[in-house]
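Peer 1: All chains, full assembly: derive it from the sequences and hints.
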Amino acid sequence: MAEAAHLLQVTRLQKSYNVPVLLDFSFSLRSGEVHALVGSNGAGKSTFAKILCGLTPADGGEIRLAGLPHAPASKRAAEHAGVIMVLQELNVIGTLSVAENIFLNRLPCRAGFVQRSRLHESARAALARVGLGDLDPATPAGALGVGHQQLVELAGALSRNCRVLILDEPTAALTDPEIERLFGHLRKLRQEGVGIIYVSHRMDEIKRIADRITVMRDGRAVATHLSVDVTPDCLVREMVGHELPERGGLSERPAGPVALSVRNLSAGDQVRDVSFTLRQGEILGIAGLIGSGRTETLRAIFGADVKSGGETFVDGKAVKILCPTDALLAGIGLMPEDRKQDGLLMPQSIRVNTTLNTLVRYARAGGWLDTGAEERTTEAYRQRLQISCNSVEQAVGELSGGNQQKVVVARWLARDCRILLFDEPTRGIDVAAKQTMYELLRELAGEGKAVLVVSSELEELMSLCDRLLVMSQGCISAEFTPGEWTQEKITRAAFSGHLDRKVESHPS
Amino acid sequence: MTLKSKKLVEYAAMLVIWLGLVLLFGMLSQSFLSLRTFVTLANRIPALAVIAAGMTLVLVIGGIDLSVGSVLGLSGALVGLALVNWHLPFWVATLLGLGVGLVAGTLNGLVSVGLGIPSFIVSLGMLEIARGVAYLTTHSQTKYIGATVEWPSAPIPGLGVSPAFLITLLVIVAGQVVLSRTVFGRYLVAIGTNESAVRLAGINTKPVKVAVFALLGLLTGLGGVFYTSRLGSSDPNAGVGLELSAIAAVVIGGTSLMGGRGSVVNTFFGVLIIATLEAGLAQVGASEPTKRVITGLVIVVAVVLDAWRHHLTGRKFSLLKRLFTARPASGTPIS
Ligand SMILES: Nc1ncnc2c1ncn2[C@@H]1O[C@H](COP(=O)(O)OP(=O)(O)OP(=O)(O)O)[C@@H](O)[C@H]1O
Ligand SMILES: [Mg+2]
Numbered sequence: 001m002a003e004a005a006h007l008l009q010v011t012r013l014q015k016s017y018n019v020p021v022l023l024d025f026s027f028s029l030r031s032g033e034v035h036a037l038v039g040s041n042g043a044g045k046s047t048f049a050k051i052l053c054g055l056t057p058a059d060g061g062e063i064r065l066a067g068l069p070h071a072p073a074s075k076r077a078a079e080h081a082g083v084i085m086v087l088q089e090l091n092v093i094g095t096l097s098v099a100e101n102i103f104l105n106r107l108p109c110r111a112g113f114v115q116r117s118r119l120h121e122s123a124r125a126a127l128a129r130v131g132l133g134d135l136d137p138a139t140p141a142g143a144l145g146v147g148h149q150q151l152v153e154l155a156g157a158l159s160r161n162c163r164v165l166i167l168d169e170p171t172a173a174l175t176d177p178e179i180e181r182l183f184g185h186l187r188k189l190r191q192e193g194v195g196i197i198y199v200s201h202r203m204d205e206i207k208r209i210a211d212r213i214t215v216m217r218d219g220r221a222v223a224t225h226l227s228v229d230v231t232p233d234c235l236v237r238e239m240v241g242h243e244l245p246e247r248g249g250l251s252e253r254p255a256g257p258v259a260l261s262v263r264n265l266s267a268g269d270q271v272r273d274v275s276f277t278l279r280q281g282e283i284l285g286i287a288g289l290i291g292s293g294r295t296e297t298l299r300a301i302f303g304a305d306v307k308s309g310g311e312t313f314v315d316g317k318a319v320k321i322l323c324p325t326d327a328l329l330a331g332i333g334l335m336p337e338d339r340k341q342d343g344l345l346m347p348q349s350i351r352v353n354t355t356l357n358t359l360v361r362y363a364r365a366g367g368w369l370d371t372g373a374e375e376r377t378t379e380a381y382r383q384r385l386q387i388s389c390n391s392v393e394q395a396v397g398e399l400s401g402g403n404q405q406k407v408v409v410a411r412w413l414a415r416d417c418r419i420l421l422f423d424e425p426t427r428g429i430d431v432a433a434k435q436t437m438y439e440l441l442r443e444l445a446g447e448g449k450a451v452l453v454v455s456s457e458l459e460e461l462m463s464l465c466d467r468l469l470v471m472s473q474g475c476i477s478a479e480f481t482p483g484e485w486t487q488e489k490i491t492r493a494a495f496s497g498h499l500d501r502k503v504e505s506h507p508s
Numbered sequence: 509m510t511l512k513s514k515k516l517v518e519y520a521a522m523l524v525i526w527l528g529l530v531l532l533f534g535m536l537s538q539s540f541l542s543l544r545t546f547v548t549l550a551n552r553i554p555a556l557a558v559i560a561a562g563m564t565l566v567l568v569i570g571g572i573d574l575s576v577g578s579v580l581g582l583s584g585a586l587v588g589l590a591l592v593n594w595h596l597p598f599w600v601a602t603l604l605g606l607g608v609g610l611v612a613g614t615l616n617g618l619v620s621v622g623l624g625i626p627s628f629i630v631s632l633g634m635l636e637i638a639r640g641v642a643y644l645t646t647h648s649q650t651k652y653i654g655a656t657v658e659w660p661s662a663p664i665p666g667l668g669v670s671p672a673f674l675i676t677l678l679v680i681v682a683g684q685v686v687l688s689r690t691v692f693g694r695y696l697v698a699i700g701t702n703e704s705a706v707r708l709a710g711i712n713t714k715p716v717k718v719a720v721f722a723l724l725g726l727l728t729g730l731g732g733v734f735y736t737s738r739l740g741s742s743d744p745n746a747g748v749g750l751e752l753s754a755i756a757a758v759v760i761g762g763t764s765l766m767g768g769r770g771s772v773v774n775t776f777f778g779v780l781i782i783a784t785l786e787a788g789l790a791q792v793g794a795s796e797p798t799k800r801v802i803t804g805l806v807i808v809v810a811v812v813l814d815a816w817r818h819h820l821t822g823r824k825f826s827l828l829k830r831l832f833t834a835r836p837a838s839g840t841p842i843s
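Protein chains in written order, with my numbering: chain A, 1 to 508; chain B, 509 to 843.
Bear in mind the hints are in silico, worked out from the structure with no lab data behind them. Note that the structure is a prediction, hence the values are computed from the model and not measured. There's no promise every hint is true.
[To be verified] When the alpha-carbon atoms are kept at most 20 Å apart in a straight line, the in silico EDC-like pairs for lysine to aspartate or glutamate are as follows: (1) B/Lys515 with A/Asp370; (2) B/Lys515 with A/Glu375; (3) A/Lys434 with A/Asp233; (4) B/Lys514 with A/Glu393; (5) A/Lys340 with B/Glu703; (6) B/Lys515 with B/Asp814; (7) B/Lys714 with A/Asp305; (8) B/Lys512 with A/Glu375; (9) A/Lys489 with A/Asp466; (10) B/Lys515 with A/Glu393; (11) A/Lys188 with A/Asp176; (12) B/Lys512 with A/Glu379; (13) B/Lys514 with A/Glu375; (14) B/Lys512 with A/Asp370; (15) B/Lys512 with A/Glu393; (16) B/Lys714 with A/Asp326.
[As the list claims (entries may be wrong)] So, partial list: chain B residues that the calculated Cβ filter (under 7 Å) puts toward chain A: (17) Arg689; (18) Thr690; (19) Val691; (20) Phe692; (21) Arg694; (22) Thr701; (23) Ser704; (24) Leu708; (25) Ala709; (26) Gly710.
Glycine residues also receive a C-beta, built at the ideal position from the N, C-alpha and C atoms.
Peer 2: Take a look at the structure:
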């Protein structure tokens, strides 16, 4: 290993926000390698990445890029030095078009006027690279779902020349076909000599794409392995610092009576004539490609979006749900997919966020809030979900991505709905906490609650669910029970709508 | 505990700024540091203070109400009519004044929330309407009322401050308690932070928002009664431009115009600062134009300091930030 080949050399990096986040963190990246970074939620991965791309300064230590000191004062300076990053949190500007988002700080212009045709042409090329060739570049980015927004951000990053590419959990909202396509590009970039830092919680994909893997724990690099030398189990052990306890597998739960029944639900052009039932004590999964209408189906059931047709029955009785308040009255809760947009109050504390939809429980006479009781409940969820934070009074915006996700989950667990719809409940959550989350979901089902889970991770659905629906192009294309399903069958069902039907409008 | 102490530190900071201002004028003018100045101040501010308290809640949800000056004028006009022309008792006149404020505020709320129109526009319309109605009902004339209406603004013998001032203190304390300790207040802050999240948490935000505008309307009606009582007459021109003073006071108190953050107590300090500035500048003999320039500068400086405290992550300002932050700065999270 020739030292000269080191593209990026990080030595004893320090960073603290009130509490230390990076402690003597050392790291190296060669050109033409994919170097994965793994670690529990709050280990400091995103913080390190943000330092590299100039979003936050380091407190100490040294970074050398191709031998020269690298201490970018801004994102722009980092990009100038050839360091490009896709952030963990989505950062598209909803009111701007997809094309404008991709080329935001390098809009093609002449005499100060944006050249729209050139802009759209380049945008189309960039979008085609991530498989969104059909998407109209003039679509407002806010109209896209989380998965597509993620792809738009990737399109932006992949369309620029760089020496170091940092991807912070790029696949948390993507499904297998998109991930495959992304990996194709990463391999090409690797051949061109780009160094890639890849942060993810999905061990299987890390094993597939990474050349080396560095494990982070509490702001330190605990080990660096060649990808071929190490097993996922070993990585997880190093991440959490101890052996993970054996988890029970699927326990048989007797399915109760039908709790929720949806008939001929339609909404927008994303949900077409969807019908299904959900039983008490059951965990039902919905798989599908991004843009297949899974999120839109849940939102329509919950009353977050307008329905254009269909009926909803709770315990056999027809209910009219026009807004989320109606849904809650009927006992239906929805944990939304987009935590930043639809879930969290970023500047507010973990406590305020956790108790938001159960607030009346903490009210004494006259609406006076018992903050002590709020704090105790929040503290209980913090421990249960392993939310790493300074205290429950810390602002949610200061938490790491995975810990933010846990706060949204905690809010809905606290609400105690009889029917719970979870949209990507484990997005950005680390391996150990995922296990806890699965246990919690099983517990909910065990208590007789009806649980519906949408996830982009097939393995997750296959290990968690009692039954699985597959959506494609806004319709339910298949239903499986545990014995029947295989990854291949599910994937085929997920694509079926694309084969049967020409795409009628842009996939959004 | 930390939260509470943080809040106390903020109050203390505002108090220090106000005391600094008082001392400054005390040095500039011999006669400023006298009991009389403070009594005059206390009896001057009630109208502005109760309106600013309500305005704080409206700004916290990310709304704004530009009609408060006109609605104050309308409320005062109605009080005058009731007492002078209709010979109604004082308490009925007061109820009428409060009622018309409540109606105007509720209308602002219903139209802007119900139809999804920015409150800026709706209340701009109400600004014209309320002033117009005030002129129509009074035939654009000032009415002398006299003693029947003056007692709430007259100092209580032996205490030095007026009943209006005591009511104002009550409103401020109640407003702060509502904002920071009740379900309703929590919803306000949450709505101002991320309304979509609150809606998806299953909370019906519309009635909450309408209620806030209605509450400000009611307090504006009260402000109209206080104002009329201080003048001893009802003037349909009362409160012209008051909306700007009220918003300035709220903003000086550190409430964000973007919503999601605010404090009624700090708004009260904002009112004190504005009133002291006005009184002090008059006393040192500053001309009207100079007064305006200085008041404007103070507003801008206050807002800039607040932005430093809350928003900037830039390293250049870290020293300033540390000076103005209660605890070590963490800046706006980007994660
Ligand atoms: N702006 C901030 N203010 C205070 N603390 C912060 C801030 N940003 C991050 N932190 C803290 O730094 C720690 C590391 O956060 P970071 O985002 O780097 O974690 P991560 O490894 O990316 O985790 P995840 O897997 O959840 O994304 C966390 O404990 C977090 O609370
Ligand atoms: Mg992260």
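Peer 1: Now look at each hint and say whether the structure bears it out.
Peer 2: Results for each hint:
1. B/Lys515 with A/Asp370: holds, 18 Å
2. B/Lys515 with A/Glu375: It holds: about 18 Å lies between the C-alpha atoms, which stays within 20 Å.
3. A/Lys434 with A/Asp233: Holds, at about 14 Å.
4. B/Lys514 with A/Glu393: holds, 12 Å
5. A/Lys340 with B/Glu703: holds, 12 Å
6. B/Lys515 with B/Asp814: Roughly 15 Å separates the two Cα atoms, so the pair holds.
7. B/Lys714 with A/Asp305: holds, 17 Å
8. B/Lys512 with A/Glu375: Holds, at about 14 Å.
9. A/Lys489 with A/Asp466: Within the cut-off at roughly 17 Å; holds.
10. B/Lys515 with A/Glu393: The hint holds at about 14 Å.
11. A/Lys188 with A/Asp176: Status holds; Cα separation ~19 Å.
12. B/Lys512 with A/Glu379: holds, 19 Å
13. B/Lys514 with A/Glu375: holds, 18 Å
14. B/Lys512 with A/Asp370: holds, 14 Å
15. B/Lys512 with A/Glu393: The hint holds at about 11 Å.
16. B/Lys714 with A/Asp326: holds, 14 Å
17. Arg689: holds, 6 Å
18. Thr690: Given a least distance of 4 Å, the restraint on B/Thr690 holds.
19. Val691: Holds, about 5 Å.
20. Phe692: Status holds, d = 6 Å.
21. Arg694: holds, 6 Å
22. Thr701: Holds: closest Cβ of chain A sits about 4 Å from B/Thr701, inside 7 Å.
23. Ser704: holds, 5 Å
24. Leu708: holds, 5 Å
25. Ala709: Holds, because the Cβ-Cβ distance from B/Ala709 to chain A comes to roughly 4 Å (cut-off 7 Å).
26. Gly710: Result: holds, 4 Å to nearest chain A Cβ.
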